[in-house]
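Sequences are here, hints too, so could you generate the full structure?
Sequence lines, in order, name chains A and B. Going by the working numbering, the first sequence opens with residue 1, and the numbers climb by one from there. Going by the working numbering, the second sequence opens with residue 1, and the numbers climb by one from there.
A portion of the hints provided could be inaccurate.
Chain copies aren't distinguished; within one or between two, either way the pair holds.
[Stated by the list, open to error] Taking lysine-lysine pairs in the DSBU-like style, the calculated list, with each CA pair at most 35 Å apart, reads:
(1) Lys58 / Lys308
(2) Lys85 / Lys308
(3) Lys47 / Lys85
Simulated from the structure, these hints should not be mistaken for laboratory data.
Protein chains: 2
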Amino acid sequence: MDRVLLAHGGGGSLTKQLIRGMVVSRFGNPALAPLSDSALLELPPGKTAFTTDSYVVKPLRFRGGDIGRLAVSGTVNDLAMAGAKPLYISLALILEEGLPLDDLAAILDSAKATAGEAGVTVVCGDTKAVERGAADGLFINTSGIGVIPEGVSVAMERAAPGDAVLINGPIGDHGVAILSAREGLSFETPVSSDVAPLNGLVVAILAAGGEAIHALRDPTRGGLGMVACEVAEACCHDIELDEAEIPVRPEVRGACDLLGLDPLYVANEGKLVVVCAEGVASAVLTAMRAHPLGRSAAPIGRVLEGAKGRVTLRTAIGGRRVVDPPYGEQLPRIC
Amino acid sequence: MDRVLLAHGGGGSLTKQLIRGMVVSRFGNPALAPLSDSALLELPPGKTAFTTDSYVVKPLRFRGGDIGRLAVSGTVNDLAMAGAKPLYISLALILEEGLPLDDLAAILDSAKATAGEAGVTVVCGDTKAVERGAADGLFINTSGIGVIPEGVSVAMERAAPGDAVLINGPIGDHGVAILSAREGLSFETPVSSDVAPLNGLVVAILAAGGEAIHALRDPTRGGLGMVACEVAEACCHDIELDEAEIPVRPEVRGACDLLGLDPLYVANEGKLVVVCAEGVASAVLTAMRAHPLGRSAAPIGRVLEGAKGRVTLRTAIGGRRVVDPPYGEQLPRIC
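Structural data, given as structure tokens:
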């Protein structure tokens, strides 16, 4: 028996065997151990942040990561973007009959390593199996709970005219890595996904900027363009981005040119956008650059007085264009 | 556009349109409204319960319910079985390209009605779309947060020799309803799923039994048989069930006979097993019977001194057989 059977999701002894052998053996901790209906947690004081995401990325493994690392990082990042310290996550698996158990083990190993990196504990889970053809290998849902420390208040609405817009590194790596893996494209310099938990970097940013950190967002599906539009809409001010300042790896730019994609809309899984008071921007950039996930941090724009909630891009050649939210997606199943 | 497109899951304006039109319009509340990465919650004091479940039931709609009602009830019940007051849930959708939007709307209506019935608020969500053939219509993950009131402590380990085992009504309805829908079977008396949120009933049970309520479990996948085995194993005592006392509708028994199923292992979605001190059993039964979801509540067995953690069934004809945990499942995709 080296593949997922339908009976693995039946709730009987085979399910239990899978959960004990695959999940508890890796993630075991006092909250998870009872394998009861709910995990019981003692949360520290503070506002609670709660988030959920399902991951359907295709393929399951790609250069720089896999669905396990993605599922943990994505949910950790959603908590971190609320200014929360991520504490606990859930792990719910939908397995397609026939999935090799070795593949599942490798993905769970990766999820475990990422949870360790982020300092979060997997406290509850679920396993379902569906027949061959009713799902595509493996879907993972992770939900997460975090607590927002006293004094932290980040929200898109807090972005204000004069604020600086920063990013922690080059955009588009995740999307291009997935597309390369999926289409069997190979570039001279292969592109790795940037997938990573960003909560450590957020701690450094909040330490450097304090209450002058107004908003944090991770530009995942829809990319930097989408996130900029969302912030502008939420705060009711215009945002101006400087194309020449937005870091893009040459190989990502090349791949995007070839594939007809705009890097501005390509997904990232290890990037964050910081909107902060101009007065702290330099200190925040210094703090970001001192962190392994922020070495190439850059100021990429600013919030303007304009109250239309519109985003414009000052192009590298001196022009100016409106950045609209993307309609659908450039790449399906990117996360 | 009356069906799900891949672009509905792309994170762009079409995703936003779907979320606003389908989700926010139904579930809108101050925590969900910002549509940011995490919901921000003020939890009341007490231990926090956290749970997750993915739902892959087939078909999406069945007599007595649908995947929407199931997804809300199942997660509410997992919290309630920990003795928690369910407060907040997440709603993550994996949509197959081509799913009729009207079907999705009907399912979300049902989820909304069930959330209202249970008194829980949907505070965060996620929408992904996968291409035709990569999922089967719709999968839903709900995760939930609840708070355990001061003085409540229910856990399988607390089941003790002499305790009574109670159930709130007839077993096997959900499994038989799903199988009938799936196989196009029609019985003279059609069977409806029992799917329902049980948190109100749990409040009544805890009010009647107080700290003498030792354990609560909902016998879903694997049925009453599986849950009895799990409690016996966890508390390290034997459990004896009286077959003649376990309520089973005649039509469910008939269907099980026909299909070669043992009702003891058939899934329920609106049943709970109570393990309580014998001294309060009668008061608890009275309280259960006064609740709409407990009218047919019955005492079905007891916890014995034996320390093997084994479950036995005193059969209706006076015999005795060991109840083993089921190996896989009798019915795939039952929830």
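query: Given identical chains, is Lys58 near Lys308, meaning Cα to Cα at most 35 Å, within a copy, between copies, both, or neither?
result: Neither, since 37 Å and 47 Å both go past 35 Å.
- prompt: Using 35 Å as the alpha-carbon threshold, which applies to Lys85 and Lys308: within, between, both, or neither?
  reply: within (33 Å within a copy, 43 Å between copies)
- request: Could you place Lys47 and Lys85 in one of the four classes (within, between, both, neither) given a Cα distance threshold of 35 Å?
  value: Both, since 11 Å and 18 Å are each at most 35 Å.
The structure shown violates just one earlier hint, number 1.
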